[in-house]
Every structure is written in structure tokens, then in C-alpha cells.
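Engineer: Protein chains in written order, with the numbering used here: chain A, 5 to 489; chain B, 367 to 808.
No lab work stands behind these hints, which were simulated from the structure alone.
Be aware that one or more of the hints could be misleading.
Only pairs whose alpha carbons sit at most 30 Å apart, straight line, appear in this in silico DSBU-like list of lysine-lysine [claimed, not checked]:
no.: 1; chain 1: A; residue 1: 426; chain 2: B; residue 2: 775
no.: 2; chain 1: B; residue 1: 775; chain 2: B; residue 2: 682
no.: 3; chain 1: A; residue 1: 115; chain 2: A; residue 2: 91
no.: 4; chain 1: B; residue 1: 793; chain 2: A; residue 2: 426
no.: 5; chain 1: B; residue 1: 575; chain 2: B; residue 2: 630
no.: 6; chain 1: A; residue 1: 232; chain 2: B; residue 2: 444
no.: 7; chain 1: B; residue 1: 682; chain 2: A; residue 2: 301
no.: 8; chain 1: B; residue 1: 793; chain 2: A; residue 2: 237
no.: 9; chain 1: B; residue 1: 682; chain 2: A; residue 2: 232
no.: 10; chain 1: A; residue 1: 468; chain 2: A; residue 2: 280
no.: 11; chain 1: B; residue 1: 681; chain 2: B; residue 2: 728
no.: 12; chain 1: B; residue 1: 775; chain 2: A; residue 2: 266
no.: 13; chain 1: A; residue 1: 317; chain 2: B; residue 2: 682
no.: 14; chain 1: B; residue 1: 575; chain 2: B; residue 2: 681
no.: 15; chain 1: B; residue 1: 728; chain 2: A; residue 2: 426
no.: 16; chain 1: A; residue 1: 482; chain 2: B; residue 2: 630
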Amino acid sequence: MHQCNHYRRAHSRREFLAKTALGLGSFAFAGLLDPQSLKANIPFKPAPGALGGLPHFTPRVKRVIYLFQSGAPSQVDLFDHKPQLMKYQGQDLPASIRGTQRQTGMSAGQKIFPVVPSPYSFKASGRSGTLFSEMLPYTAQVADELTIIRSMYTEAINHDPAATFVQTGSQQPGRPSIGSWVSYGLGGENENLPAFIVLLSRNTSSGQPLYDRLWGNGFLPSQHQGVKFRAGKDPVLYLDNPAGMDGTDRRRQLDYLNELQKVQQQQVQDPEIEAKIAQYEMAFRMQTSVPEALDLKGEPDYIFDLYGPDSRKPGTFAANCLLARRLAERNVRFIQLYHQDWDHHGGLPQAMPDVCRATDQPSAALVRDLKQRGLLEDTLVIWGGEFGRTTYSQGKVTAETFGRDHHPGCYSIWMAGGGLKKGFSYGSTDDFCFNVAENGVHIHDFQATLMHLLGIDHEKLNYKYEGRRFRLTDVHGKVVHDILS
Amino acid sequence: MMDWFGRFHPLLVHLPVGILVLACLAGLVLPKEKINTYLGVFRIVYFSGLFFSILAVLSGLNLAGQGTYDEVNLSQHKWSGISIMALCLLLIWQSRLSGSKTLFRLINGLTLMILTLTGHLGGSMTHGPDYLSVQKDEPEGREKNPVNDSTLILEELVFPVLQARCLRCHQDSARNGGLDLRSVESFLSSNPGDPVIEAGDAVKSELFKRVALPAHHPNFMPPNGLGLSYSEIRLLEWWINLGAPSNKRIADLPESAETDAFLKNQFGLRSSSIDPLAGIRVDPASPAALETLDKLGFAVRPVSSGLHLLDVVPKKSNEALNAEQWNALLALKDQVAWLNLAGTHLNDQSLSYVGQMTNLRKLRLERNQIGDQGIKNLESLVHLEYLNLYGNGISDACINSLAALKKLKELYLGETAITDKGIQTLKEKNPGMEVIGDIELW
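Model the full assembly from the supplied sequences, consistent with the hints where possible.
Structural biologist: In C-alpha cells, the structure reads:
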């Protein structure tokens, strides 16, 4: 118990002196500077689990659906058309282009880095004339709703650090995921559902592993961690009452449990006990809300047609996209999907059609469905992976096949939703699709922009842990105003 | 070659200054006996002072021909510099006489004073007339108030640039082309005959032409030092092309893509960072009313932390609202700007409550049982910009009520009985409105 004693003293002597003396002083000082500032803040009771003082400014979107394409889709085969590459087909990538770009151990030892132009044709789509690969025929049909960033770049070169970087702002594990930050800052609007929900595609053939910490809460209170819904019959395990028990029993049981928790809380003052109480209560409410929210029986046939045949199979990316729309309708703050099949080190031409078939139509359908329901106006949809893929082949190029290695130097993502320029492409890469040529967007810039759209100043939302204040973008990140409308 | 010699003036002046200050101080403070003992040393020092002040004066005269310095200032500096040479001669003469040192001390004191004066006048010419009062005249407002839409174009954007770059010379309505930049008023009233500013046409305006010429052109301004930066020149051009307005704010300008692009490039002022709701003033909501609304099952939060407007959503989806809840909502009808009542089993009758919340900007009513009669209640929502009626039982009969919402920018009518013809009519009546109907399949 001794080492827990600091929890018992709600205020230590030092804290007391600091808070009273500095507190009174700064209060007086604030009053001197601007007497209005003391009056302006109305005593808001923030929405469930949210902080006061947020949003920092009027938000453009109220929720996010993040379609994470794990494994890293090849930008040069999907979004970033490089016809000039035909000239260099099979030739060694010039050293001047390769520069000092890090390479993975998988291809760094190659004697030659043979340039492979995309085998796919590109077509201008929509009124904006945005170019999309023939692999993405459905996404091309919603081109005028999308904002494409062709100049994303990252620092990490392997899947887990790169995904961790995109999701938490740090390559080292342990920081909170974007969804946790948003849940911590803005809270949920639906008290019966978690503010941060995660849906994984099931049965993809060759995925890089996804660790639960990608949607972890890090050092934030644990009720802000992403709640992973399982694909299949029971999205959340043990949600049904055990045999012989009805809801009332469960309620009474929880009430007694809460009393016990509170006794413990009095003694040790551990904030995690509060988190535990909150999670037990949420689980109780989810017993009714989750089956209703995830029940697709009421959806008409044309909706399944919109999302494609896969949408009738639970656990597919298509079914998850449809669920994401239902959760968005229920005001869930942050909905994160993961689809794993994109790591095409070899056999890219063979693998690409399948993974595009699984993701292209549902992603585009989600945009169109949200648009029709008036939800796209205040929802941000993001589609993208953790890095790009090399313009040269990993291993030999044959008539039938080739592969592409990891490439942090540049890649493409798209976004859709409120506050963005529609049918707009931002940034560009060089003719080899290897380096950012103009308007590079770093991972932290992307995160800062995401937070900005939610009405959060990424520099102000922080959390003190181990003696210093942390934020999603650490000490970096600039909002990309050029893509905002 | 001689020009080149002139450039050494700023360097050479420091030699007589250093030498004479030291000698004059010694001449002032040392006792009479000491001075008399060291008269020979004093003489050598005064001689070198004289030698270097002659060099300084010659190089100074040379430099004076090269630039456009303020004439009054220049002539004072010139004559006080020359007088130092004369004082050196006097001091040399004095250092040959032993005995009483009263006159000797007097001349030393005078030399010190003239040295200080000359130095100050010189500084005024190279660093500007108010270089000693920098703190007072620095346009500190620029740093504190970033450019926003209430910034005055001439007074806060253009004029500070002119002052910073041109005031050193142009501070008199009689000289230097008569451009007097001491204040906005003097600038506007100094009318030098020539079209210094041809409102609306920068290319015909001397003010723009002179700074935009190639730097080696004889008419190029400023005559020495770096020219104006590209963005400063662009700012002048933009202002003159706007018609050279005075006492006008950025917000007063008519909207145009060029103006937007210019403001964005120059000042980072973007329409995307202007809060669309910032101009709406309402009283703060009463804490009791907020508390009640929260207890009755609504998630209530400010639209943004700086505003009193509210964003309200029921915490449970799919539940109908009761009278108590409606009353709690109506108690805050001035403050609620965004209201989301999707899927809350609303009918025509409940819309009579909604119709009273006249400050609404965004209203989500999708997936309810609203009919054409109910929509009539919404006509009072004159500020409404977003309305979602997806999945309600409405038909073309409510088109007129919807067309009456003049501020409406987005209207969602999917899954209703409204026909394509109805949507067409709406678009004709209200061309600024985006109407989204039934979903298109692939």
C-alpha cells in the first residue's frame, strides 16, 4: 500500500500551495487582463465523458469514419498516375531519384531497382476530372465528393511502427489512438454506445497482424479505448444475460458492485476505478443498443446492392462499411475500420483485383450513402494506409508478375466530408512517384487537419503524463488549410 | 573611385570620435598640474584627432553627394562635423600654452558636446529620424492583431509598409516629391500634382511604378538600400487597384476570387478559418436550463467554446420526446443553433415546437413520421442553412414551405414521396440551394 499512498492524498502539500497561491494569483491576473474572460465560460456540463472548453472552435465535422487500409495500398497503381514511367520500364531507378530514401532489408540488397509502371489504365472521372486507376471503378464514380492527397509521407518503413505512427502520432507503442484522443476531448453523443468503435475485416488472406494497441487509449483513462466489435454472430461477447437472469438482476448486481467499487475508490483514489465503473455501465447499456445498431435485417435490398454482394456476409469490409454508416447515424464519434490485404511484396497483379473488389465498392458506397442521408456534411471519411509502395519492383519483374516494397517517401489517401474541398487533389510527386514534389503532407499534418475539422486545436488538446504534456501530434503538425473549403 | 572613398565615412568617423572623446574627457577631469605635465601627449592626440576628422569630413562630403538624405539633417551634420576640425585646431593651439586651464577645459567640453551632436545627426540619417524612440513608434499593433476581416486596409496594412520603407526621406510636404508620410492624414492630403496615385490603376500610379521599376533604374525607389519586397509591392498594387480606399475594412470589400486569393496568400486569411457562426450574438444559456436539458437526456455542448450557441442531440437514439423534454428545449430556443432529432418518432404536431426555435442553423429531422402539414411549421426558421428530411412522409405539397427558407443551402429529401419534378421546382425557386434526392445506384 505504501507506494500507492500518493493516491490517498488527493492534494499533497506542494500541490495545495501551488494550486492555491498560483491559482488565486492567476485568477486575479486573468481578471486584470480581460475581465470578460472570467464571465464568458458558462458552466457547461460536458457531454458524457467529454472535457470542458471543447470544441475549441466551430467544428466542420462531428464524427469520423476511418477506413484504414492496412499493409499499404500501392499509390502508383491506384491514385497517382505516372505515364512517364513507361519510358523507364525495367530500368534501374536513377540514384538521383532514389536519394537517401530508406529501404527495407527486403529490397535494399537488390543489384538493380527495376522501375515498374502500373499495369493498369487510368481514367479521368467526375466533373473534377480526377484520375483513378481502373482498379477503382466505384471510387471513381464518387470522385467529385473526394479530396485526394497525393503527397502524404511518413517516417516509418515497417508496418507496425508506421500504422502506430498514423494511429497515435508516435512510432513507439504506448500513445493514445486518434479515436481515443477524440473520445477524450469530445466524448460521445450516444450514451448507449462507446464513442470509439473498431471493426475489423475478417478472413482476409494475407494480412499483417493488427495489435489492439492501435486503438488503445495509451495513458488516457481507459474508457476512451476503442471497443472492438467482433465480426460474426456476437459482435460483443457475453452481451446476452446468462441463462436464468433477466435485466433487473443484472442491474441490481451492478448497483452493488458499484458500491463496492466506490469504497475502494475512496481508499486508493485510482482514476482507473472510475474508468471501470463507466465501462461496466456502458456494457450494461450496450446489451440493448448493440444488437439494435448492428442488426442489418431492416436494411432494404437496394442498400445491399449499393455496398455490393459482400455486404450480406458478416465480417467483410463491405458489411463493416454498412455498419459504420449505421453507427454514424447513431452519432458514434469515431468509427475505425481495418482491412488488411494490401501488402503486395510479390504477385501484385494477381492480388490487386481481389483486394480492390473487396474494398472499392463498399468505400464508395459508404460515401454515397452518407451523402444521401445528409450525414456526409458532418462526417469525415478517410481512406488510406500507413505508407506507400515503391515504384520499383521487389524481386524480379516477369511478364506475369512483380511486387512492390514499402515506401515511406510518398503515398496517396483520400478523404470525404464536411469542410473539405470536393473533387480536389492536393500535392504531387515526382515523375517516378518516389519523392514528394510539392505540398508534402506529413502524418502529423494529416492528424492536425483531422483534429481541426473536428473543432479541436491539436496543440491544445493534451494530457499530462509522466511529467510532461503529450498530444497527438507531439510537437509537430500543421493544419493543411489548402484542402479546407 | 571617389564614390568608393565616400563609403568609408561610417568607418572613418569612429576614429576621431574615439580619440577626441578620450582626450577631451582627460582634459576635463585631470588636475591642472597633470595636464601641464603631459601637454606634449595632449598635442599628439589632438593632432591625430584633427587628421582623422579631416579624413572623415572629406569622405562625408563625398558620401553626401551619393544619396538622398534629408537636407536639413545633412547640412547640420556637415557643419557640426566641420566645426570639429576647427575645434581640433583650437585645442592644438591651447595645448601649446601652459598656465590656467579654464579656456582649455571649456573648449574640451564644447568639443565633447559637438561630437555627440554630430554623431546623433549622423545616426538620424542612416537609421531614420526616430531611431532613438524606436519603442514608441514601432507599429506594435501588427504583431498583436493578426490580419482579420475587420482590419483597415490603408491604415493598418498599406500605410505601415509605406512608413517603414519610405518615411526616412518622405516626411515633408515640401521636399522629396512632396510625399509626406508622417501620418495617414498628411499622406492623403499631400497632393503633389503628378498622379502619385491613380485610383484603380496601379500601373499609372507613380507610387507603384517607382517601387516596381528595375532596381538600377534612376527613378527606382528607395534610392538606396533594398527595394520593397514582392509582397509589399503586391500589397500597394492591390490597394491602388481597389481604388485606393481609405477608412475601409477588409470585410467591406465585395467578395471576389482574386481578393480571396490575395488575402490568403498575403496574410493567411482564409474563408475556411472564418467561423460561420461567430457573428451571431445571443445571451448565455442559464445554467439551470442547461442542467435540466442534460438531466432529460440530451447531450448539450457549445457549438464552439467561445460561443453561447448550443449543439443539442438526444443521448439515446430511437426514443420519442415527451412534453417535458420539449419545454426544456424551448427554454433554450434562442441558443440552440444545431439540433439533431433524427429517428425520434416526430410527427406533424411535434414540429410546432421545432418551429419556435428560430435561431436554428442546422436541423436534422431524418427518419421520422413528418407529413406535409408539419413542414409548414418550419417556415419560421428563417436562419436555417441545413435541413434533413430524409425518410419522412412528405410530398410535393410541401415544396412551397421549403422554398420559403431562403437561407437554406442544403436540403435532403431522399426516401420521401417528393418527385423529381418537385425537386426541380425547388431548385428553380431557390437556386442557391443544393437539393439531394433519392440515391443513385451504380
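Engineer: Look at each hint and say if it fits the structure.
Structural biologist: Verification of the hints:
| no. | hint | in the structure |
| --- | --- | --- |
| 1 | A:426 to B:775 | 16 Å, holds |
| 2 | B:775 to B:682 | 28 Å, holds |
| 3 | A:115 to A:91 | 20 Å, holds |
| 4 | B:793 to A:426 | 21 Å, holds |
| 5 | B:575 to B:630 | 24 Å, holds |
| 6 | A:232 to B:444 | 84 Å, violated |
| 7 | B:682 to A:301 | 21 Å, holds |
| 8 | B:793 to A:237 | 46 Å, violated |
| 9 | B:682 to A:232 | 21 Å, holds |
| 10 | A:468 to A:280 | 21 Å, holds |
| 11 | B:681 to B:728 | 18 Å, holds |
| 12 | B:775 to A:266 | 51 Å, violated |
| 13 | A:317 to B:682 | 28 Å, holds |
| 14 | B:575 to B:681 | 64 Å, violated |
| 15 | B:728 to A:426 | 21 Å, holds |
| 16 | A:482 to B:630 | 16 Å, holds |
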